[in-house]
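Going down the list, the protein sequences come from chains A and B.
Okay, so the first sequence: first residue is 1 according to the numbering used here, each after it adds one.
Okay, so the second sequence: first residue is 228 according to the numbering used here, each after it adds one.
Beta-carbon label-pair distances, calculated as ranges:
# : chain 1 : residue 1 : chain 2 : residue 2 : range
1 : B       : L570      : A       : R56       : 37 to 43 angstroms
2 : A       : D58       : B       : A253      : 43 to 49 angstroms
3 : A       : T61       : B       : G257      : 50 to 56 angstroms
Which residues of chain B face chain A? A partial, calculated answer using Cβ under 8 angstroms:
# : residue
4 : K240
5 : S248
6 : G523
7 : H676
Hints were generated in silico from the structure; no laboratory data involved.
Keep in mind it's a predicted model, so treat the numbers as computed, not measured.
Even for Gly, the Cβ is constructed at its ideal location relative to N, Cα and C.
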Amino acid sequence: MAGPLLHARGIECRYGSVQALAPMDLQINAGERIALTGPNGAGKTTLLSVLAGVRRPDDGTLEWAHAAHGRVGWVPQRPALYPRLTVRENLRLFAGLEGSDDPRAAADALIARADLGQFADRRASALSTGTMQRLNLAIALAGSPSLLLLDEPTGTLSPDQRVRLWEWLAHLVQDDGMSLVFSTQSTEEAGRNADRVLVLAGGTLRHDGPAGQLDEAAFMAMVGDDA
Amino acid sequence: MRALRAGRLLFAKDLRVLGRSRGLVAVLIGYPIVIAILLAIALSGGDRRPAVAFVNLDAASGRTVQVGDERLSIEDYATRLEDDVDLVRLGPAQAREALEDGRVSAVLTVPRGFIADLQSGLRPPVLRLATNPRSPIEAQAIERNLESAVYRLNQALATAYVTQVLDLVDLIQDGGTVGIFGRSGTLLGLAQSDRELRRVQAQLRRDDRPGLADRLDPLRDYIQGVGSNLELAKPAAQAIASPIRLEVREGAPGREPLSALGIAGALVVGIGLVGVLLAAALLSAEREDHVLSRLGRGLAGAGTIVAQKALLAAIACTAVGFVLLGVVALTTSVTVGRWLLWLPALLLAGLASGAFGLLIGALARETRTALLAGLMLALPLAVIALIPGNDIAYWASALAGFGPAARTFQGLLVDPEVTASTYAGMGVMAVVALVYGVAAGVALRRRMHA
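For reference, chain A alone in the conformation it holds in the complex:
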């Protein structure tokens, strides 16, 4: 495992009077796969949104390692893309928005990387759920991120689609050395696909440890009535 990529210090979020995220410190290392798990309303999406830069924390700071500054790929829970554009047009647009000098070539590279060749000229609205999620992920890769943040990426997928997606993500981490932080409600999925598991409940970090240490009973004990 390489050195630290991002250090979050004392980050805290509120929605009006409700504290969505209690002050917490978090370090993400290069090449690390981190699972965020916890019941609904635990603060998983809020933490990912803060790390992605979608939401500004009400308090605390994010400190990036110099070389990786800002290179984050964001995969929201629901596909964030233009349904009336084709796969290729979506990727070309987001590559352009990410500042690519040659969006056409970048889109072709992403199509190959996400194995979307046979769907390249099909409108996004016509894709199956699994393929649309792959496009959602490919768009997040358009900025060549060093940190990929995924909000419940397999929530809408069938079991075999989940398997194929995790295999692909594993290759990405292995080939590119990028870090991965994903949220899931499944401790099994967290244990199988992450190096490290964080358990959140009621906006508070209840557990931060290696994936092998967490089983269902321990998880239930941590989240208690929030589950």
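Take the given structure of chain A and dock chain B to it, following the hints.
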């Protein structure tokens, strides 16, 4: 530089998406154009005939009035009034109720003794008109309609009376049977009187009584003088019947006529709806596609998104505006000029209505809500903008830039010279666009980082 590039990419994306959403485009652009054309025809169409309740309180008298060779009743009066309004014959209570319910626009009452007054000439007969105070504009129109109808009736009556008086003058001059204002008899006539006097004078002279015959000379002078004066009175009487006559000459046959108000109304409604609906739909669609969180991570700021969509809406509005003006220029007799001034006027109107739509799009949770809210807000404001000469209506519709747009468009169409108020209208539209644009940007930024 990055913002410009992002704006350009999103602009091209929006064009592509619109090109693939023919149903949506038909609704967003076709519907406002159809409404605009219908409105132009409605505002420019022929006279609208209001329904007026007719209450005859003099019916029981059954009296008629003789005017020349004609005998007129109140029904004849009513028939003549029907050239200008649709009369609904009702009783007094029914008429009052119909006016309150809005089924008729006014109540015209013929009071008791109307024909008697007309016949006697002692006092002018009066018709009573009650209008609905809740519809002052319509009330004014009906008043004008009935004033003109009563004026024409008066003129017809005056002409008939003068003809009758001239007939009487002829009778006085030539003699015969007379019947006027209910009286009749036989007149000898001035000419016959003169002939009788001559005959009597000749007889007196034959009877050697010349002195007595000469004493009748002043009487003959008087008769001749009266006859000459009565001859002079004829043109004077005709002048009294119609002191000023309006001669209307029909112009060369034109194509379908449209008024400036109709064209300006069509442009305001067309551009207003296209701008508001298109901008609201484009922005709310970004939210519905869940891309705002992605764009908000530094790919495209709220200001860039608002500016690019406002520009797209303004270009669409300008195109729609020029299409409507082109249709007017090609199919009607209205001359459309000042094309270079139309460009900034249409662009600013499009920017103002587009910015208004963007604020709605930024606040709405989904596209359908945005479209419904846009339609509900834009349509009444656009219609209010067409009420002439009302400052409250102007400033209420200025909330979406429609009031200034209507005045600017009318100014460009009819003012002989472009006035300061035309440029002021453009200035107000620019301010409206800026205010709503900034507000939409703030609302969108909150959405992106919520």
